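Chain by chain, the residues run as shown.
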Amino acid sequence: MKDPKTVSRRWFIEECAIGLGAMALSQLLGTARAATADPLAPKRPHHPPKAKNVIFLFMAGAPSHLELFDHKPQLAKFDGTLPPAELLKGYRAAFINPNSKLLGPRYRFVRAGKSGVEISELLPHTAQIVDEIAIIKSMVTDAFNHAPGQLLMNTGSQQFGRPSMGAWVTYGLGSESKDLPAFVVFSSGKKGPSGGSSCWGSGFLPTVYQGVQFRSSGDPVLYLSNPKGVDNQLQRDSLDSIQRLNQMHLERTGDPEIATRINSFEMAFRMQTSAPELMDLSKEPKQILELYGAEPGKPSFANNCLLARRLVERGVRFVQLYHEAWDQHQNLVKDLATNCRDTDRASAALVLDLKQRGLLDETLVIWGGEFGRTPMVQGGSDGRDHHPNAFTMWLAGGGVKAGLVLGESDELGFNVARDKVHVHDLHATILHLLGFDHVKLTYRFQGRDFRLTDVHGNVVEKLLA
Amino acid sequence: MKAVLLLVVSALTSAVAQDRSPGIDFVQQIQPVFEKNCYGCHGAKAQLGGLRLDSKKLAFAGGQSGPAIVAGNAEKSPLYQRIAGIGDQARMPMGGKPLEASQIAAIRDWINQGAFWPDGVGVQNAEIKKHWAFVPPKRPALPAVRNRSWPRNPIDYFILARLEKEGLMPAPQADKVTLLRRLSLDLIGLPPTIAEVEAFLNDKSHNAYEKQVERLLASPHYGERWARHWLDAARYADSDGFEKDKPRWVWFYRDWVISALNRDMPYDRFLIEQLAGDLLPNATQQQRVATGFLRNSMINEEGGIDPEQFRMEAMFDRMDAIGKSILGLTIQCGQCHNHKYDPLTQEDYYRMFAFLNNSHEAAIAVYTEDEERKRQQVLEQIRQIERDLQQRKPDWEAAMAAWEEKVRHNQPRWIVLKPEVDDISTGGQKYLLQEDLSLLAAGYAPTKHKAKFTLRTDQKRITALRLDLLNDPNLPLGGPGRSIKGTGALTEIEIEAAPAGDDSDPRKVKIVQATASVNPPEKELEPIFFDKSKNRRVTGPIAFAIDGDDNTAWGIDIGPVRRNQPQNAVFVFEKPVENPNGTVLTVYLSQRHGGWNSDDNQNHNLGRIRLSITDDDRAAADPVPAQVREILAIPRAQRTAAQQQAVFSYWRTSVPEWAEANQRVEELWRQHPEGTSQLVLQERETPRPTHILVRGDFLKPGKRVEPGTPAFLHPMPAGAPRNRLGFAQWITDRNSPTTARAMVNRIWQSYFGAGLVQTSEDLGKQSEPPSHPELLDWLAVEFMDQGWSMKHLHRLIVTSATYQQSSKVSRELLERDPFNRLLARGPRFRVEGEIVRDIALAASGLLNPKIGGPSVYAPAPDFLFLPPASYGPKQWHEETGENRYRRALYTFRYRSVPYPMLQAFDTPNGDMACVRRSRSNTPLQALTTLNEPLFLEAARALALKTVREGGPTDAERLEYAFRRCLARKPEPRESAELLGLLRRQAERFRSGEADPAGLVEKAPTGVDAAELGGWVAVSRVLLNLDETITKE
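Chains A and B, in that order, are what the protein sequence lines are. The number in our numbering is simply the position in the first sequence, starting from 1, with 8 added. The number in our numbering is simply the position in the second sequence, starting from 1, with 781 added.
Accuracy of the hints is not assured; some may be wrong.
[Said to hold, decoys possible] Computed Cβ-Cβ distance ranges for the label pairs, DEER-style:
#1 B:Q1656 <-> A:G323: 34 to 40 Å
#2 B:F1311 <-> A:Q241: 34 to 40 Å
#3 A:T450 <-> B:F1311: 24 to 30 Å
[To be verified] Okay, derived cross-link-like pairs now, DSSO-like style, lysine-lysine, Cα gap no bigger than 27 Å in a straight line:
#4 B:K1199 <-> B:K1315
#5 B:K910 <-> B:K817
#6 A:K97 <-> B:K1726
#7 B:K1726 <-> A:K109
#8 A:K236 <-> B:K1726
#9 B:K1231 <-> A:K198
#10 B:K1572 <-> B:K1631
#11 B:K1484 <-> A:K470
No lab work stands behind these hints: they were computed from the structure. As the structure is a computational prediction, the values presented were derived from the model and not from experiment. Positions of the beta carbon are idealized from the N, C-alpha and C atoms, including for glycine.
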């Protein structure tokens, strides 16, 4: 494709005829069509996709797989003893001396679903949907610090400068929303994500593919509201004047970029109406609000989950919800309970709600963080350090085999014992579900074809429905 | 079974290989395998790694990593190793399925049998073509053109020759107003004022345009405009990046770039100072500041990181920045493996890496010109007092010598012990063991922690413990602490002792006496260390470290410069610790005098510490500073005058009759300016070894390499030192094939929207072929011939006929050349994000034109800098004074929270070097210019200025406002549109349909609010026009 860095959103030509002498305009511009492809126009992937949209519930800080999904009775048995020396060979930990005592799971597990999957007592709502999701107990990553770990999970590289998954997907599929961004990001929890805005950046891809941060209260998008003293009439009148003057200049210079500008302003104006409507949860039925645990006007992960569904309904391609709260070096017991209370109900509700609306088939929901936590204790008996060798994530919808438990870790939850899924493999699989051969979704930069999976990644066939 | 069989066969065939009878037939068995599997990358089309396997001569010549085939020895032949997957290089065929075992065996046998390749088989006269960008540019002759009257300078010949070849005509010259606005935006990044436009229109001289060029090139705003370009490439930002993303002080570097450009520093010099300014003879402060270029890498101080891992990440980033922004080459492939397309090997990469790998990550105090003047004054006055003292006491040298004899041996014997660090106790801070058994604090810096160290000794008797606080170039201002001023505070020290071999029951050691080399008076903590408690927290003398009070600490801050000296403290035990088999001492250093936010620069930790013990009963802190002790160890006759003076400066403080003079010196020190911190490089005394890192993993060092440059490029200049300076000289050598081309290409890119080579970050084999290769070379040679003068290059480009063309485009031309690569018209595109903001500020008259200084907090929503939008709470004290309206170049740049207005307009965030920005056109940009507060302020200011200064009639006023934004005058239909808007809105305000109060805020007396409101509406429309933010 032509280098989209020099191209802009010119779907105007195809889509918009907003009363600005559109006929003459399209005649003028029709010939330049090749040069004016809209980088966000919907595109067809390599093969028929299972999923059209993605909602990634990013549990930033790294949740403990050992308390939530990966039940290890042997870890309980060896609680208080040192781990086997051979396990620690070459192992690096962030904070602790790796040769620290093992810590048994601090919460009980219950069996749930048709298959009797073991799941933490802290996740009663997720327990209700285990037959809808595929749990991967054999995730591995390369990073054991937050920022690099989050970057790897989002961009396929621990180094800055690579496009995020949402950017790749938007680049590959374009947008189906005319008045909302294609890639939307929310943030809740105690902090923002460690990787900062690079987690949803466009890297070397054109900036139109970067994620747009939404807030769950106030103006969802920065500068969405008219500024002080500008009422709707003035805004509309001003816009009309801008458009007419731009139109005059377009006729004068012939640069189709001006047509794009005209369209951008019109879409901005539409977004001023559509975004508040999107954010207004008060019209959601009571039972839906209850299902999620959402409260209109009160920012929360639950509200963000409900908003994610509303975004997907409106054609937004990729929604990412960061909930940064899971870094339990200490206060493991108390904080895990808090975090599960804040996220469990809404995560499960999202899957159920998408399903009841018939959206789950085409929406891939992903739950997980940047790594897992050590089977070894940090501090006295109430904390775990960062652990890249084994952790758990789950996927739902979008062509994923429901009710599957994939892989397992060893008896201590330290290493993966079976069906290892590296982050790159997860990325390859996500792209596959969206209709891409991950090896072929590339972008040329600095003389090289880059891809999300770098030089790695295998589609995890077992995950596919 | 098959494998066994093959083995047997191979044993048999190698036995007969001696007589060169060809067991394996090349044509039948080998060539087809090569053809099917290898020619794609190692044939006529491509020669990856410089290897071609379709030609006998070239196949045996081998590639960039040497011969591929060692006839008679498959095991030693890289060709065989790579297809068989032996060794750590990637297996061939790269990215494809491995060859079949039988094919691999055949190739092995073929090689073992002597690799017989019959003459005449394969491609004859094949060659490996050297890529154009790897050959130094030569000045080409100007091409012939038919239209001899059009060219104004050599550039135009190249452009026109191509246009004529394509059957295209250049566009007519743009009108004067458009041209001046274009020129002004290009050269200084600001639109012309009405007066400037008038002056140009009224100047009928033949060189009127050239005069404008000179005026703008001489403007100090030229440096600002073009600094921003370089700062993209230099990945400049005001914060560390990664999770903590703490503010850093690097604006001296930014100002250095502005100043260097304004002075038209030759580009080769510009590069040398940035790469190795610190290594130049008698390096000035500014030359050291220039090395901030390499220090613009991110710093990760997330809890629990391995500092070496992220030092390496920063090294990779520096290599990438040099590759992209200076060499115009993609070199980071070499981090893990040989470049796939260009002849750069992994070893080449690490040899260049070795030039950079020998530096400390330093932060030094730097001074503005005023501060430096003051500083020199203070130091001179001190020197004067000391000279007076020496004159008044002619026998001072004898007296000082006597003192020296007295103090030379007055210290007890201290035994330095190697501390073991309790990882948990450090709160995520790493204490790195140094060769002298000291510990250097690095990585995350908790604001409150109590570090636990274990010391083991076989000494039978211990009477006291000594704590040394040492300098280190890697600490802020050299330390000895980790605060931004290089200070630290010891809240409390506690010691436990147990007999060696049985440390189950350690006993607390009571400290009865604490002495220190410095005992500052009690002082409340500075606001930066505020911890949100109500406690009165202080630093002061050493007694504060043993008083059991967490609110008091031993501090070392005795003012600028002198706070950054080593100190020591000695803690005497109530009773000697005596154990016949030795002792295990546990030392707790409580450091709790930092602030509340560990995600900001609020730590107050000790930076580099050393612990030692003695059995001497009269142990006390050594008042003689460590640096004076070092001089005392040098025989007097061998000391320099400066060293002798340093001894004097300390000794005089101990002379009682000089109390008054000493007091005056103290007062002078208090006048010494604080200065500003700046990240720089500082060369290590002992070289750090560099290894090839296997697959780029810093935990897998491979072969050790020495500094060197890639063989496929030019050699090191004769006499260049084998260090960073020599590397910089190599990069700026006249024979460098890419240095000048890369820069010329990028400057071209910023004028015309695309470089002559579109892929300006990579001129290597995978780059897009240049649109005008001869022009690129001509410009590169001209650039170097004219002393690497960037202003000369700018002058040349903007005075060309090519540049001065009208940017109006016909349908036919748009279809023919949509991206204007042929340049049959002038450039037209939206200006960069910073300039979008600057245009609004300039047009409205709000712009504060001040050059340089600390970055500013332009208006932005608070929540962005607070969790959960940002990882940690960040400082953003929105400017209310004149700094509110500084050029966007000065807006503080947090890497993790980019400034929203600039981000919307494609400004890179400094994560990595960027030499080519995106240029998008989105609804978010429209929302920004319509609704962002500063744009509204600009509209309001423009309206007020218009009403006050625009003239008596609406038509005059409109023309005034219009020209402030667009330089040109409005056309009648444009006036009609805008005056219609004015009347409509003023009427709405007058009739009470809408309230102008919010829009105009406070209308000054004598100005009608309704009318002013109408003008705000008009101004806002003007500031939002496509043309306003476009270089026409």
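Structure-based check of all given hints:
In this structure the hint that Q1656 (chain B) and G323 (chain A) lie 34 to 40 Å apart at CB holds, the actual value being about 39 Å. Taking 34 to 40 Å as the suggested C-beta distance range, the pair F1311 (chain B) and Q241 (chain A) does not conform, at roughly 49 Å. Take T450 (chain A) and F1311 (chain B): their Cβ atoms lie about 51 Å apart, and the range 24 to 30 Å is violated. Annotation: proposed proximity of K1199 (chain B) to K1315 (chain B) is violated, straight-line Cα distance about 39 Å (limit 27 Å).
Distance check on the hinted pair: K910 (chain B) and K817 (chain B) sit about 23 Å apart at the alpha-carbon level, within 27 Å; holds. A C-alpha spacing of about 72 Å is found between K97 (chain A) and K1726 (chain B), which places the hinted pair above 27 Å, so the restraint is violated. With a C-alpha separation of about 72 Å, the suggested pairing of K1726 (chain B) with K109 (chain A) is violated against the 27 Å cut-off. Between the alpha carbons of K236 (chain A) and K1726 (chain B) the distance comes to roughly 20 Å, so the proposed pair stays at or under 27 Å and holds.
This hinted pair checks out: K1231 (chain B) and K198 (chain A) have alpha carbons roughly 25 Å apart, not beyond 27 Å. At roughly 22 Å between alpha-carbon atoms, K1572 (chain B) and K1631 (chain B) fall within 27 Å of each other, so this suggested pair holds. For the hint pairing K1484 (chain B) with K470 (chain A), the CA-to-CA distance comes to about 41 Å; that exceeds 27 Å, so the pair is violated.
Violated hints for the displayed structure, listed by number in ascending order: 2, 3, 4, 6, 7 and 11.
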